[in-house]
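Number of protein chains: 2
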Amino acid sequence: MLKAVQILGWSSGLTIISQRLTKTRNSSSSSTISLKLSTFSSSPRRILSFIPTRMSSSQSGSDPLPKSQTFVSVQSSGDVRKIKFCQWCGGPTKHEIPDGEEKLRAICTHCGKIAYQNPKMVVGCLIVHEEKVLLCKRNIQPSHGLWTLPAGYLEVGESAAEGAMRETWEEAGATVEVISPFAQLDIPLIGQTYVIFLARLKNLDFAPGPESLECRLFGLDDIPFDSLAFSSIYVTLNLYLEDLKKGKVKFHYGTINKRPGSSPSDIRAFTLDYHLQP
Amino acid sequence: MLKAVQILGWSSGLTIISQRLTKTRNSSSSSTISLKLSTFSSSPRRILSFIPTRMSSSQSGSDPLPKSQTFVSVQSSGDVRKIKFCQWCGGPTKHEIPDGEEKLRAICTHCGKIAYQNPKMVVGCLIVHEEKVLLCKRNIQPSHGLWTLPAGYLEVGESAAEGAMRETWEEAGATVEVISPFAQLDIPLIGQTYVIFLARLKNLDFAPGPESLECRLFGLDDIPFDSLAFSSIYVTLNLYLEDLKKGKVKFHYGTINKRPGSSPSDIRAFTLDYHLQP
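If you read the protein sequences in the order shown, they are chains Y and H.
Going by the UniProt record's numbering, the residue at position 215 of the first sequence is 215; the numbering climbs one at a time, nothing skipped.
Going by the UniProt record's numbering, the residue at position 177 of the second sequence is 177; the numbering climbs one at a time, nothing skipped.
If you are wondering where the hints come from, they were derived from the structure by calculation, not from laboratory data.
Do not take every clue at face value.
In silico EDC-like pairs for lysine to aspartate or glutamate, Cα to Cα no more than 20 Å straight-line [said to hold, decoys possible]:
(1) Lys250/H <-> Asp243/Y
(2) Lys137/H <-> Asp266/H
(3) Lys250/Y <-> Asp243/H
(4) Lys132/H <-> Asp222/H
In silico negatives: residues of chain H with every beta carbon more than 12 Å from chain Y [to be verified]:
(5) His129
(6) Lys132
(7) Lys137
(8) Ile223
(9) Pro224
(10) Phe225
(11) Glu242
(12) Ser262
(13) Ser265
(14) Asp266
Virtual Cβ for every residue (Gly too), placed ideally from N, Cα, C.
Input sequences plus hints: build the corresponding full structure.
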């Protein structure tokens, strides 16, 4: 039985960043910083018809956990207070803002090392075959039984494209060829960044891996938008359909800002900000 | 005085990925997986004139470490055997490949939790002003005294675009507006991914922060290619110049595969693979 725990901590990063960007600096500039970006807000279209209700940060939008029969999987992304010991020397940690920094860190009281936590990259493939897309029905929590693109955490030692192909093989048993980058979607609240590639099947053989119940090619009009697993997948598929309508598939950068406190199952409870294109 | 250690471990990931991609699966497919991507190799141009000598993995291509006066900064990216204790319960770890996985992990012998390690994102800005680009001369190791784009590790709680603006403010005292995504460059050997945005100055005030000795706008013909800090910066600037020659700036995805064993100072000792564009 899969025994898995995912730590998806609330982050105070946004507040702290704002503070640090508005403080004065010993420079020739006397101006303050504005966080307002040159945001090309989308024209009225499906992708912007999200329902801005509140949603919980817990697990929603998170990705398949590595499977394990005998161990506890933990993907920590931000809850620094849960780091109670130094992973290098075993000493107890204290939680302080180090000199010259602005964020709370876990600092070893014995050796002084800081345990930095950084966002994780989730890499996956948007596989298109004869105007159909390949989706996998999840066999693991969170979002068991809901549809997703084959995707998972990038590992050290592989490129994002390699990782996306590996995850596609593991979850869909599909041999694919990566064609081009399609989207980078940051989810600051849970410390994740989705990197999605357009890909094509090298042959028609595919079958669900252990983390999938089913894999299926969906016609573009039949995509199960009401049964998708994550906001990131909802955005990706909508952006792709919109690009097709416009006659040109482009690269998309965007930030998915989730609404704290709303239901994890409400994958439409967010805004897509900083939507930028080359 | 800055007391910093950076762990940049060798990864056995590539080998393991190859093994796992070629093994048979309980699926309808009897084919094996090929790692060969649809690589659009660049036409003969400056970007491909890299010298393919061997280089060391130690610190080359790594990023400014967070500054600290009193603590030891550690940015761990892959050397799992250095994780000797569980950061959650303090128990000693063992190093094994968990059931259902393929990579060596640090597993707590007390609570069973696995300490996953994932690549880190380095976010930065390619700031263009009147056909000049803004570079910073580094005041920290590695690559002290060499030129770089303002860039640093993405923090949990911020988007890549926000992180790139924050780093630009911290290192160059510059207020910028992010215009568009320009490049994602993976460096699998050291577990880093560079995400670079095109940006413009909101005013002409800029000045070096504590991690920079100097910040300067360089004309496109005067970029100090022989004094750049990292391969990722070398590639980014070359891609931008090539795009300008072609008359259109595009988004680039690519993998910088460094040559193990060569000098860290040889930033041209790599190949750019999987160069894909939308």
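Given pair status - aspartate 266/H, lysine 137/H, alpha carbons within 20 Å: The given pair, whose Cα atoms are some 17 Å apart, holds under the 20 Å limit.
If you draw a straight line from the CA of lysine 250/H to the CA of aspartate 243/Y, is it 20 Å or shorter? Between lysine 250/H and aspartate 243/Y the Cα gap is close to 17 Å, so the pair holds against 20 Å.
Taking C-beta pairs only, is isoleucine 223/H more than 12 Å away from all of chain Y? holds, 21 Å
Minimum Cβ distance from glutamate 242/H to chain Y greater than 12 Å, as the annotation requires: For glutamate 242/H, whose nearest Cβ neighbour in chain Y is about 14 Å away, the distance exceeds 12 Å, so it holds.
Using Cβ atoms and 12 Å as the threshold, tell me whether histidine 129/H really stays out of contact range of chain Y. The assertion about histidine 129/H holds, with a minimum of 14 Å to chain Y.
At 12 Å, judged by beta carbons, does serine 262/H keep clear of chain Y as stated? Holds, because the least Cβ-Cβ distance between serine 262/H and chain Y comes to about 19 Å, which exceeds 12 Å.
Just want to verify: lysine 137/H was marked as not at the interface with chain Y; is every Cβ pair farther apart than 12 Å? Check passes; 15 Å lies beyond 12 Å.
Classify the label on aspartate 266/H as holds or violated, using whether its beta-carbon is more than 12 Å from each beta-carbon of chain Y. holds, 21 Å
If you draw a straight line from the CA of lysine 250/Y to the CA of aspartate 243/H, is it 20 Å or shorter? holds, 17 Å
Does serine 265/H clear chain Y by more than 12 Å, comparing its Cβ with all Cβ atoms of that chain? holds, 24 Å
At 12 Å, judged by beta carbons, does lysine 132/H keep clear of chain Y as stated? holds, 17 Å
Since proline 224/H was said not to touch the interface, does its Cβ keep a gap of more than 12 Å from each Cβ of chain Y? Check passes; 22 Å lies beyond 12 Å.
The structure meets every hint from the earlier list without exception.
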